[in-house]
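Protein chains: 4
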Amino acid sequence: MRDRLSEKDISTNMELCKDWALATDGLSISREFVFQSFVEAFGFMTEAALVAEKIDHHPEWSNTWRKVKVNLTTHSAKGLTALDFTLAKAMDQIAKKRLHSP
Amino acid sequence: MRDRLSEKDISTNMELCKDWALATDGLSISREFVFQSFVEAFGFMTEAALVAEKIDHHPEWSNTWRKVKVNLTTHSAKGLTALDFTLAKAMDQIAKKRLHSP
Amino acid sequence: MRDRLSEKDISTNMELCKDWALATDGLSISREFVFQSFVEAFGFMTEAALVAEKIDHHPEWSNTWRKVKVNLTTHSAKGLTALDFTLAKAMDQIAKKRLHSP
Amino acid sequence: MRDRLSEKDISTNMELCKDWALATDGLSISREFVFQSFVEAFGFMTEAALVAEKIDHHPEWSNTWRKVKVNLTTHSAKGLTALDFTLAKAMDQIAKKRLHSP
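As given, the protein sequences belong to chains A, B, C and D, one line each in that order.
If you're matching positions, the first sequence starts at 1 in the numbering used here and goes up one per residue.
If you're matching positions, the second sequence starts at 1 in the numbering used here and goes up one per residue.
If you're matching positions, the third sequence starts at 1 in the numbering used here and goes up one per residue.
If you're matching positions, the fourth sequence starts at 1 in the numbering used here and goes up one per residue.
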């Protein structure tokens, strides 16, 4: 889980993470989430924090009111690992119910 | 907001809170929420806590894994007030996106 | 971690969990925490939730304003396991900084 | 609360916020908090979020593992207001119990 992924593996994973952007150096991925309110944004962060702590892999993220910007990389591998994509997909799922709510 | 509601006002509010049960003594309302996981349940609790602290009106609630039981009453009014229904409706909204998510 | 503890092991653990009460049937332990505010109580719950999710062992707990009541048991073992005491000790540590703050 | 503070008022407030830095343009204040773990950092963020939502004044903040960087300003006033210092002092109090814990 903590081995650096090959370019090919990264490409395959990016196919499943359409809303994420790969950094030009290929070492991290990022996404901005926009919610309806601070309450929703922080609810998202709490659920994501529970997942992050469980898999022992934490995001670099910032929050301003109803926006959350996330950057994922694995420092110990100096690049992207399976853990980054596990966390990215979990965040997508957590955000989905909020972003799609009427 | 902190005046005790009449029976008629309680009835009108209960029409909008179909998933809540009025206690037989008419002094409190309760609802059980069932989510897909502990993470969802605690995300719900965090958003609800933010609303509760904002309106300075807090629930009596318990959590066991993916279930959250809520009881609302206003101690200072010895019964139900507009605040209880404000919090109940906010909780319904917060839960809705999770409960309806595929 | 999920094997039911012997009476002797429970006694040894209870020595380290002085603020917890063993149920008369010996199947669960409980503690009530009282904080200075709802904000502190919910901050405690959030840190405890992160630990609980990480070890995949969740409390039965209730919150009323600045109080949090916790009951710990392991359903799959029909009694107390090492996980219950791991979570109890983690909760004690999380609460300590708040309870001892001036 | 939402009126822009004079330079003199900012100076007086900065005396009480020794751990915060005033931006060179005088329009915002910032502080970095370092905790013992991600769990502590996120517990701090949750308590701070509850205060922020209550006073309807939200931080710009980022988190990387056990560090939290905070920047406070009031966009509507294009500078610092009493709300920024209210939130700064509340954050200091919330962090204190964690930072001073043994």
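Just to be clear, a hint being listed does not mean it is correct.
Which copy? The list can't say, so a pair holds if one copy fits it or any two copies do.
BS3-like cross-link-like pairs, simulated, lysine-lysine; straight-line CA separation at most 27 Å [unchecked claim]:
| no. | residue 1 | residue 2 |
| --- | --- | --- |
| 1 | 97 | 54 |
| 2 | 18 | 78 |
| 3 | 78 | 97 |
Derived by calculation from the structure, the hints in this document are not laboratory data.
Every value quoted in this text rests on a predicted model; they were computed, and no experiment measured them.
Each hint tested on the structure:
Taking the shortest Cα distances, residue 97 and residue 54 sit within 27 Å of each other both inside one copy (21 Å) and across copies (23 Å). Proximity of residue 18 to residue 78 under the C-alpha cut-off of 27 Å is restricted to the intra-copy arrangement: shortest distance 23 Å within a copy versus 36 Å between copies. When the C-alpha separation of residue 78 and residue 97 is checked against a cutoff of 27 Å, the pair qualifies neither within a copy, at 32 Å, nor between copies, at 34 Å.
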